[in-house]
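Asks: So the sequences go chain by chain: A and B.
Residue numbers for the first sequence follow this note's numbering, so the first one is 1 and each next one is one higher.
Residue numbers for the second sequence follow this note's numbering, so the first one is 1001 and each next one is one higher.
Note that these hints are calculated values from the structure, not bench results.
Please read all numbers here as calculations on a predicted model, not as lab measurements.
One or more hints might be untrue.
Among the chain B residues that face chain A by a calculated CB cut under 10 Å, a handful are [as the list claims (entries may be wrong)]:
hint, residue
1, GLY1077
2, GLY1080
3, ALA1227
4, PRO1258
5, LYS1265
6, GLY1268
Every residue, glycine too, gets a C-beta built ideally from N, C-alpha and C.
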Amino acid sequence: MSKPKAATVRRISQGLFLAAFLYLFALTVWPSGLHVPADLFLRTDPLVILSALLAAKMWIVGLILLALPVLALALIAGRAYCGWICPMGTTIDVSDRLFFRKTKSRPITERSRWKYYILAAVFVSALFGAQLAYLMDPIVVLTRTLTLAVFGPVTALANAVAGEYAYLQTRIVVLARLPQAPQVPQQAYFGMAWVALAIFVGILALGSVEKRFWCRNLCPLGALLGVVSRVPLLRRRVGDNCTSCKRCVRDCSTGAIEAEDPKTHRIAECIQCYKCAAVCPEDAVRFVPQVSLAGREARLDLSRRRLLAFGAAGLGWAAMAHTAPAAKTTVIGNPAASPQLIRPPGALPEPEFLDRCVRCQQCVKACPTNGLQPALSEAGIDGLWTPVLVPRIGPCSEKCNLCTQICPTDAIEPIRVEDKPAIFIGQATIDRSSCIVWANDKQCLVCDEVCPYKAVEQKIVEGKKRPTVNDHTCTGCGECEKNCPVQPLAAIRVFSLGDRRHWGRERQRQWRYGMQRVEHGQ
Amino acid sequence: MRHTLSEKIGRREFLRGVAGVGAAALIGGCAARGGQGTGGAFGPRLPKHVMDAKPVLAIASGGKMEDRVRAAIDELGGIGQFVKKGDAVVIKPNAAWQRSPHQAATTNPDLLAALITMCKSQGASRVLVIEHMIDTPPQLVWDVTGLGAAIRRAGGEAVSAGDQRRYVKLNIPEGKVLTSDDVIRDVLEAKVLINVPIPKVHDGSVMTAAMKNMMGVIWNRQYWHQAGLQQCIADFSTAVRPDLIILDADRVLLTNGPKGPGNTKDVGEVVASLDPVATDAYAATLLGLKPSDVPHVELAAQLGVGEMDLAKVQMKHVKA
């Protein structure tokens, strides 16, 4: 491979993978007829998968298998994932190039060890049953930013443009002859958008300190791949014609080459960009396959004290998470302190759900009614950014199961649309003091009208039809709460009292259909 | 279409107005928006003697759906009476719910396709099918109801009016409770407005057909429930009167309306009419109700919107 070609090929690879990432992200719309797993980047992210499974203490082979190729790549070509594939790395490269041109690539510093300590905290925390990977996994960070801080504004813009166009079409004869604007996704509203944006901008801004600051010093996925790739197949070999001009030391994008001895480099820090080979005036640098363990790779050189400290921090995180009030479950396994904590259909029972959910916001992005929102405090510190259904914004649409299809860790298990009548995520309750039928004798029954499951039943009380809720057919989808004319707090509201995840599917089916049989005398 | 603030404006004046407003919009960036505008106003397109005559219900049955639609409209003088070459047509179906056609909660897609085809072959410039849906997301509703595919097939354009910027204020001077409302601009400005409801029992309003279907062109439905649903339906029908009503009585919903699923009855009829009250009175009988069982039919008749006494309506039964 000639020298300039490697850099070009790498750029193309980065561009293609970023484009693929964005394409898959854009695919998560309903109805999509998904043929490609839209969560492919998350499903192949070993940090996400391993920490989720470790936290859940479940070894699901199907999930692990998909993450294996990335680990295998690390065994073959070191942290090539970071340099060639990772969409976050590509974004940082672009940002460094655009905004921090003058920032130099610097030799490695003490800081590069931080990421291993962070990794230690992530795994110890997972070992004690609490997710931490979501805070810093690059794929999760990027997906979350795209969902909360990019997708919302983009839909707002698209709607504004389409709306103006439709308006002008009614006003200008020439435009009226042109076709209608395509149906754009409904404008989305998301909580926590500013937080997601601030984290992302912060990560990019670190580029002012040194190039790829995030990848060098903080990224726990990079650390995991670095640990795995201590002895990869593809090794950097410097020929005897090296003059120690240190050009490669200066240009290395992660400062992985030792300043004292340019022939030695830290393999766990190298992202396989092959810039050192390209810039070498003597053409002395080669990347060659080598099976033997011997080599001139520097050690990781971590501080045991720090590792222990960060491991303890992970343990502390797990302990804190599990002692938040929202983590308290009732005797049957419902969240005890959060009456409006409504999870998407197919979500695992709360404790397992919290273990598995990586807060990537794919489900939040996918929800066609915009009802799924990232939690702030509803589910406690351990439930930060987990998806919560806010029916007043959007209900759980009867004919949709998209969020269950794109959860990378199956924290929301796949369900069929036909099964939705027997998946209970909550239950509506009627506030008779504010319901305009109960309190004001008005004619309404919108809740009954919109209920997809006919769970709102009318009772004749004092000569008027008044709404009541059947607890065997109400699934807590929230259509009633969404459409209730009483403002701003609906007179019919969904609470987690009807959340029956912990029952399992079969018992929920019995609850739903067994009673119907009894009622109909069958 | 006709509404109360209508002044009689000819086509030439209209075009001049459009050109003027268009220029203003181009220069001033949509300067004309957000006012008290009722949109472009049109007089009734039908000759006065037709409007004043005894209300007619053209009830077609038998044959294929498209033949039934044609036969019913022909009984009122043919589609040429309503749609002229170059007209922009707006159709208001019932497309509120994520329900399949056979559940009879939404307008029959074959009927809608036949109607769009007739308008297009008459030379309509555009046929917009507009609904302010209740279920979301819109794409799913168009798909599940089969209406999206039918509209595409027939060359119409599907519009889900979920954007508040599409609505303008309309004054309703004859309204007793509802004195103004925000209505989809395209509906108010339509050269031809066709209402295509499906008769269903309705837990909130006893029954829904022609007049209740028009609730799907306003922005704030909630208010109607709070202010008094029956009176609001009647009030609104004094202000927005479709040029033509095609009642989809192929299959009607007898229980669990308006969304169902419930028991249905195959009636196999298509009813064309100009009188929303007479249409609803007839629709009530299809559902096993008396017209007087439905308060908004009675209230609308009191407001002079139409005739609720079917004995005073000319029923023309035709076989397609």
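Asks: Please go over all the hints and tell whether each is borne out by the structure.
Replies: Against the structure, the hints come out as follows:
no. : hint    : result
1   : GLY1077 : violated, 27 Å
2   : GLY1080 : violated, 22 Å
3   : ALA1227 : holds, 9 Å
4   : PRO1258 : holds, 6 Å
5   : LYS1265 : violated, 19 Å
6   : GLY1268 : violated, 26 Å
The structure is inconsistent with the numbered hints 1, 2, 5, 6, although it conforms to all the rest.
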